[in-house]
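Peer 1: Work out the full structure, taking the sequences as your base and the hints as a guide.
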Amino acid sequence: MKILVVCGAGASSTFVAQRVRRAAEARGRDWHVAPTTVITLDADLADADVLLVGPHLHERLADIAHAASLTNTTVVPLPDDAFRDHDGERTLALIDAATAASPVTPGRPAGSPERRRP
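For the sequence shown, position 85 (counting from the first letter as 1) is numbered 132 according to the numbering used here, and the numbering increases by one without interruption.
In silico DMTMM-like cross-links for lysine to aspartate or glutamate, where the CA-CA straight-line distance does not exceed 25 Å:
{"#": "1", "residue 1": "49", "residue 2": "72"}
{"#": "2", "residue 1": "49", "residue 2": "128"}
{"#": "3", "residue 1": "49", "residue 2": "143"}
{"#": "4", "residue 1": "49", "residue 2": "132"}
Treat the hints as calculated values from the structure; they're not laboratory data.
Peer 2: Dropping the structure here:
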């Protein structure tokens with residue numbers, strides 16, 4: 048599964064991505080977790096399954112969610128204290144909850160059983 052973490056400039060999303068990646072690896076999950084910025088988001092969404100949205104971008108959430116909907120990417124708004132999740136476990140639980148509601152299968156974005164990636 049490919050997970051993107053979006054923030055304004057990429058600094059805080061890098062920390063969240065590293066923590067989620069470590070938490071996922073500790074559970075034996077082969078996930079690709081990467082930071083992105085609002086500037087590169089549209090291009091990066093093409094093959095993403097889940098998009099974690101930093102709390103400082105919640106005012107732009109509607110626009111971000113619209114862009115993600117075009118690629119059937121599940122959007123997970125992060126809580127205000129997301130950057131204090133030092134081991135990534137709370138964020139991992141948010142991803143699990145979101146993908147349980149909208150299952151992600153390999154090769155297909157969440158919520159779209161018919162669509163396959165090129």
